[in-house]
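J.: Given the coordinates of chain Z, assemble chain G onto it according to the supplied hints.
Quick note, the sequences are listed as chains Z and G, same order. If you read the first sequence in numbering that gives the first Met the number 0, its first letter stands for residue 0, the second for the next number, and so on. If you read the second sequence in numbering that gives the first Met the number 0, its first letter stands for residue 0, the second for the next number, and so on.
Incorrect hints may have been included.
[Stated by the list, open to error] DSS-like, lysine-lysine: derived pairs with alpha carbons at most 27 Å apart:
(1) K131(Z) - K236(G)
(2) K30(Z) - K98(G)
(3) K236(G) - K231(Z)
(4) K227(Z) - K30(Z)
Hints in this document: simulated from the structure, not taken from any laboratory.
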Amino acid sequence: MPLSTQPQSGNDEYVLVASLDNVRNLSNILKAISFKDHAIFNATQNGLKVTVEESKCLQANAFIQAEIFQEFTLKEDVVGFQVNLTVLLDCLTIFGGSTVPGVSTALRMCYNGYGYPLTLFLEEGGVVTVCKINTQEPEEPLDFDFCSTNVTNKVILQSDSLKEAFSELDMTSEILQLTMSPSHPYFRLSTFGNSGNAHYDYPKDSDMMELFQCTKTQTNRYKMSLLKPSTKALALSCKVSVRTDTRGFLSLQYLVRNDDGQICFVEYYCSPDEEVDEE
Amino acid sequence: MKFRAKINDVGCLNHFTRVVNTITKLTKTCVVRLTVDNIFFVLSGKVANGGVSMWCELLQVNFFDEYQLEGVSEDANEICLEVNPENLSRALKTAQNAKSVKIKLTKKHYPCLTLAAELPSLSSISRVVTHDIPVDVIPRRLWHDFKEPSMPDFDVSIYLPPLKTMKSVVDRMKNLSNYLVVEANLSGEMNLKIETDLVSVTTHFKDLGNPPWGASQSQSQSRDVEAMAHARVDIRKLQQFLMGQQVNPTKSMCNIVDKRIIHLILLQEDVSLQYFIPAVA
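Isolated chain Z, as found in the complex (with noise of 0.2 Å):
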């Protein structure tokens, strides 16, 4: 270790380095939970995991596995922080994500540890950016407690047939209902807008359903508002899995290909608006 007060940008005083052949890679996954400014990074020897919350009531994770990165060296165990997203994903975008194959701009990633900005080295057709993001503080995400053991339902559908649900859900109703039950209707998305109540039914047989493992009827409702931002999610994931917990959260699991084929997660936790009577 040098003993000079003023570190040098050489690599080995980087906590964390991190390198992309492909920047979209990264911004795109981004992109799937840019609803607010705020974003929680924490990077460990698995990879990079970035957490966005809304209310208290919704929190958005995306993880970016070690493998994807061309270079991921962590001098830590965990190294966090936070930035703001939107700028981020500006930085990132820089040269337009160009999506013209052959040409794409190479990151290069790096923190000093606490209390500096994060830099991020962009290249595209030898123009290079350079960005210092300053940091801030990390808070501490909340814990949704969502645990696999406390399941009661859960379904595998393809993205596409989700996409189109949503894109035809009556954005005037405040809430969205969902009813998941081992019986008839099975998987139903429900609103109630100011032209009335509509029900969105998926049989359990469906080509579009991968999976259906419900134990028990549970209709829960959640905030149309909360919701609406991991749409971004799923219009870029190709599956998702949907379960909810004996409490009534709503756990939304994203799977992402990226442009290299590589898989990447994203995922929603909701907490429901209001108990439903049973009936």
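T.: Structure of chain G alone, referenced to chain Z:
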């Protein structure tokens, strides 16, 4: 005063339309100066438009098949009109497939540029769409405002990177900041920089090349080739310039007068566009 001109060629018409569309993106109103050889679109730097000025020059023979001009007098054989370029570009839009377009200066209840487009028709009866675009005729005593701006005595002149790359960088930077610093040196390097409470971003372009301007620009001759000249400008003005580009310039360059102004020049064989953005403190 008399002005009438006619375009018969579709290629020329499209080219002219693109130039007018570019002007439309850059300014709400401008002055059209008509001379025997040229058409100029001029915006002089007023405080109201943020001190930005523009000078676009077309050679009339490259666009018009017929062109007649009688200026205000024999010793001042030209006409200056104030127009809203958007009106002109809207009129040209309907003339897209026209067989010919005639433009003339007319006097209805007020002075107009009348644009008559003869559209293709299946029958023998021709279809003509006419637009009357109101204009203000600028009296001769005010003409001195619309002279070609002199080339500023710049510190650094540099070729611009591909405008598309520059546009996407400037678009993103605009989301982050209101002001941007342009800096360049005589070794072909240019940087675009922003800095705010949240973030600092610098994009480095290199190997751009510096245009040879000859010995007249003596100031830049003795300059250290590594030394950066810089100007801090309103990012929206630069974005506007990059957004409006519909002409595909064969050459694009930028002159910087340190802390004073940036001067952007786009050259195509028969069109040249100059755009001046003043620096802010």
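J.: If a hint holds in the structure, say so; if it doesn't, say that too.
T.: Going down the list of hints, with the structure as the test:
{"no.": "1", "hint": "K131(Z) - K236(G)", "in the structure": "holds (25 Å)"}
{"no.": "2", "hint": "K30(Z) - K98(G)", "in the structure": "violated (49 Å)"}
{"no.": "3", "hint": "K236(G) - K231(Z)", "in the structure": "violated (33 Å)"}
{"no.": "4", "hint": "K227(Z) - K30(Z)", "in the structure": "holds (14 Å)"}
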